[in-house]
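Asker: Take these sequences, add in the hints, and give me the full structure.
These protein sequence lines are chains Z, Y and C, in that order. For the record, in the first sequence the residue sitting at position 23 is 22 according to numbering that gives the first Met the number 0, with numbers rising by one throughout. For the record, in the second sequence the residue sitting at position 198 is 197 according to numbering that gives the first Met the number 0, with numbers rising by one throughout. For the record, in the third sequence the residue sitting at position 40 is 39 according to numbering that gives the first Met the number 0, with numbers rising by one throughout.
Fair warning: there could be bad hints in the mix.
Chain copies aren't distinguished; within one or between two, either way the pair holds.
[To be verified] With a Cα cut of at most 27 Å, we get these calculated DSS-like pairs of lysine-lysine:
no., residue 1, residue 2
1, K325, K205
2, K335, K325
3, K56, K205
4, K336, K325
Hints were generated in silico from the structure; no laboratory data involved.
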Amino acid sequence: MADPRFFEPAGPYSLDALAALSGAAVQDPGAAGRLFRDVAPLESAGPDDVTFLDNRKYVEAFAQSQAGAAFVEERLAAMAPAGMALLIARDPYKAFARAAQAFHPSPPVVPGRAPSAIIDPSAVVPADCAIGANVVIEARVRLGARCEVGPNTVIAVGVELGEDCRVGANVTLSHCLIGARVVLHPGARIGQPGFGFAPDPAGPVKIPQLGRVIIGDDVDIGANTTIDRGSGHDTVIGRGTMIDNLVQIGHNVVLGRGCILAGQVGISGSTRFGDFVMAGGQAGFAGHLSIGGGARIAAQSGAMRDIPPGETVCGAPAVPIGLFMKQVAILQRLAKKKDGR
Amino acid sequence: MADPRFFEPAGPYSLDALAALSGAAVQDPGAAGRLFRDVAPLESAGPDDVTFLDNRKYVEAFAQSQAGAAFVEERLAAMAPAGMALLIARDPYKAFARAAQAFHPSPPVVPGRAPSAIIDPSAVVPADCAIGANVVIEARVRLGARCEVGPNTVIAVGVELGEDCRVGANVTLSHCLIGARVVLHPGARIGQPGFGFAPDPAGPVKIPQLGRVIIGDDVDIGANTTIDRGSGHDTVIGRGTMIDNLVQIGHNVVLGRGCILAGQVGISGSTRFGDFVMAGGQAGFAGHLSIGGGARIAAQSGAMRDIPPGETVCGAPAVPIGLFMKQVAILQRLAKKKDGR
Amino acid sequence: MADPRFFEPAGPYSLDALAALSGAAVQDPGAAGRLFRDVAPLESAGPDDVTFLDNRKYVEAFAQSQAGAAFVEERLAAMAPAGMALLIARDPYKAFARAAQAFHPSPPVVPGRAPSAIIDPSAVVPADCAIGANVVIEARVRLGARCEVGPNTVIAVGVELGEDCRVGANVTLSHCLIGARVVLHPGARIGQPGFGFAPDPAGPVKIPQLGRVIIGDDVDIGANTTIDRGSGHDTVIGRGTMIDNLVQIGHNVVLGRGCILAGQVGISGSTRFGDFVMAGGQAGFAGHLSIGGGARIAAQSGAMRDIPPGETVCGAPAVPIGLFMKQVAILQRLAKKKDGR
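Answerer: Laid out in structure tokens, this is it:
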């Protein structure tokens with residue numbers, strides 16, 4: 000059960016109700032009425048908790064789990080311990096996600112403005128927003144309904160957010176237009192000028208950065224991630240894109256819909272992603288590239304050329320994953336042969 | 000034209016005036032008097048805007064641009080669409096930069112202290128500085144004339160800044176001495192103790208970090224970048240050096256003048272750069288290295304040895320770029336040969 | 000001598016006293032009573048300062064140092080300049096660390112609450128804590144005795160810290176339980192939800208992150224480092240672990256005791272480290288791995304498989320260092336051979 004200092008579950012829910020809301024099937028109809036109070040991991044779940052098995056690595060923990068119920072694929076159901084109620088799902092992780100959302104819905108926004116918040120009179124801040132302590136909201140900012148803004152966050156002149164955004168603590172926003180239901184984690188920096196200058200022997204000539212950051216609906220931006228505004232074009236983050244912590248996104252970058260960027264990814268200026276691109280942790284992208292929709296770039300890869308749609312690449316410089324695997328195998332064989340001498 | 004919510008262009012300027020301030024030449028003297036209202040990218044520029052062509056990749060966009068005028072190299076001038084006034088420049092990007100600066104000069108600092116700013120009585124803050132909301136300025140801090148400090152920034156005991164510095168929001172400064180015209184983007188952390196300890200079975204023995212960070216004039220430091228103070232020596236950032244976002248600079252690092260560090264570069268303790276070193280994104284440097292003036296380190300490279308002045312290196316471990324290219328070619332050939340069998 | 004604007008040494012100490020507190024031996028008993036006023040690096044130390052020689056790279060600077068005394072290994076003592084008093088130590092860096100700690104003990108916490116600090120009435124904040132300007136401490140937070148909290152830091156609902164913690168400026172803490180004597184540098188983000196969602200064509204299904212971050216005693220966490228809370232399990236940082244700047248630690252990661260993570264390391268979700276693991280700068284770890292105690296992962300390595308205890312690995316994908324060295328050597332030989340043709 001989750002630590003009550005930090006989480007308070009809704010519920011309880013019957014197995015039936017959990018099946019219905021997650022699209023899973025109750026294996027044993029006799030258990031359909033059993034009530035559950037929370038979700039929990041395999042190892043710590045108790046008889047009132049629902050858990051899940053998703054990764055074969057954890058089959059043993061599953062077999063020994065004390066959980067009252069579990070989401071599981073049909074083919075692994077036989078590994079369950081006696082007495083565990085089973086919710087059969089094609090994608091147990093996603094089904095579990097829906098159950099967890101039911102037990103732990105986003106806490107409602109509690110309207111209010113901390114007395115210490117400093118809000119410019121020209122800013123539009125609906126009464127149903129929750130504005131935290133020491134927040135600074137500058138001139139002509141516009142927030143949508145039910146936005147939450149964490150303590151010590153700064154929203155600079157002219158920024159706009161859609162409805163139901165959740166902005167964490169110590170965030171800085173400037174020169175950006177943000178959609179609805181966007182989540183910004185603590186320390187995110189959006190809209191500062193990008194790294195733009197022309198080299199000159201007398202010192203770099205800085206180029207005013209005159210674009211914006213445009214963030215689509217349902218985007219998530221990780222802690223201490225930085226997204227520079229465009230230099231003339233805009234920097235654009237497509238709808239539903241998920242960005243992890245400490246990611247760097249340069250000016251004029253355009254990301255499509257539903258992209259996934261893991262931690263510490265870096266994207267140089269003017270590179271464009273199609274929809275549903277996935278980039279593993281610490282992957283890097285040169286500037287002015289075109290990364291096709293559905294492409295997958297493995298962790299730590301270095302993309303130095305365009306990548307066609309749907310391609311999976313790996314390595315630095317990044318090559319198709321089949322070629323990468325061969326390179327790795329050859330190097331290891333040569334190194335072992337050298338050993339043999 | 001730039002979004003008026005965020006930018007307000009100065010001007011208008013005649014083509015002649017733009018040529019004069021940028022060092023370009025008006026191709027058609029008959030157009031010298033035409034007036035322009037802003038700068039804009041090739042694709043969105045209109046007849047009142049000035050644009051530029053710098054990268055051959057964008058020749059087609061140039062040929063179809065609606066811009067009223069463009070900076071361009073002589074040899075590409077023929078690609079211009081009919082009716083576009085041309086400003087011929089050897090370095091169109093730099094010439095454009097100067098024009099953009101004319102249309103968008105740094106907004107003047109508006110003197111004032113937010114009532115919520117907390118300034119120690121022993122601090123020296125000239126009346127012509129602009130101190131934002133919730134700024135904390137501790138004892139014996141000294142700011143130069145016309146400094147701007149963004150909201151929720153903390154300047155700790157004894158820190159000194161020169162004239163005309165621009166410090167963004169949510170920045171933390173301690174144990175540092177900063178020159179004139181330095182720009183610090185949001186979330187930069189300057190002067191915290193470095194990663195200094197001696198290993199010991201009973202737990203690491205921490206070493207008091209007794210140096211400072213010394214930052215030269217005209218330095219730019221990116222969002223969420225971290226620069227640790229020296230351990231005894233100082234950490235030094237040379238004049239005119241440009242540092243992008245999320246860069247990590249360890250204690251006692253010394254950077255020369257005019258260096259350029261792209262996003263997510265990491266430099267381990269006590270490494271020294273000469274002047275005008277360029278490091279690509281995510282490049283990493285071991286500690287106690289000497290990187291010669293004018294050296295270029297490609298993105299994601301890992302420098303594990305000293306690099307002579309002027310050398311260009313690539314790879315991890317970093318080797319001269321010619322050797323790197325050969326390594327890549329050989330690996331790819333071997334991998335394909337294996338395919339052929 | 001350290002800059003008096005930022006540091007004020009305790010002392011003076013006699014050579015004898017320094018030997019006693021550091022475990023070193025005075026080489027010349029006649030010098031035992033000499034007094035010293037501070038520590039300093041080889042190059043800038045004067046006759047009242049104590050320095051050290053640890054890295055052979057700096058033997059020449061040692062021979063020319065003006066320092067009054069130095070910690071040095073026996074075998075290098077002969078390189079000392081005339082008149083320098085010597086403190087012979089098996090580990091001169093550690094001995095120096097203890098001397099430096101004597102001259103520069105952590106400044107005592109000065110109890111007090113800045114009038115601008117906003118502390119929820121339900122929070123427990125002992126009177127001997129030092130709470131900085133604009134700090135926000137939310138409901139049910141509990142601080143141990145003598146904690147120091149820097150300006151503009153936010154401590155969210157329910158967070159607990161042990162005794163003698165030092166939290167820097169602009170830090171954000173939520174959903175975490177922190178031990179004693181923990182140091183958090185500026186901009187650290189602890190406890191935000193991890194990167195958890197199940198992919199779905201209609202947009203990612205977010206998984207409520209229901210775990211915590213548990214941080215052991217004597218842990219150090221670098222500037223702008225991010226540590227996500229667990230998804231159901233906890234994220235755990237073992238006692239005495241040292242974490243540098245800009246490190247990313249995903250949900251459910253478990254680090255043992257005394258681990259050392261250099262700058263910009265990234266660890267994906269659910270990976271577990273044993274005790275005393277060392278990871279070099281920018282090293283990356285895939286998720287769900289087991290990294291054995293005492294393993295060493297070189298800078299920029301990419302760990303994609305489990306690593307046995309005590310192993311040293313290098314490269315991406317990471318392999319045992321001996322194999323890595325052979326791979327590098329073979330590639331370089333092949334590349335040169337190609338040259339020869």
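Asker: Hint by hint, say whether it matches the structure.
Answerer: Verification of the supplied hints:
In this homomeric assembly, K325 and K205 never come within 27 Å of each other (Cα to Cα): the closest approach is 45 Å inside a single copy and 36 Å across copies. In the homo-oligomer, the alpha carbons of K335 and K325 lie at most 27 Å apart both inside one protomer (15 Å) and across protomers (8 Å), since each shortest distance falls under that limit. Only between protomers do K56 and K205 lie at most 27 Å apart by alpha-carbon distance; the minimum there is 22 Å, versus 52 Å within a single protomer. In this assembly of identical chains, the alpha carbons of K336 and K325 lie at most 27 Å apart whether taken from the same copy (16 Å) or from different copies (10 Å).
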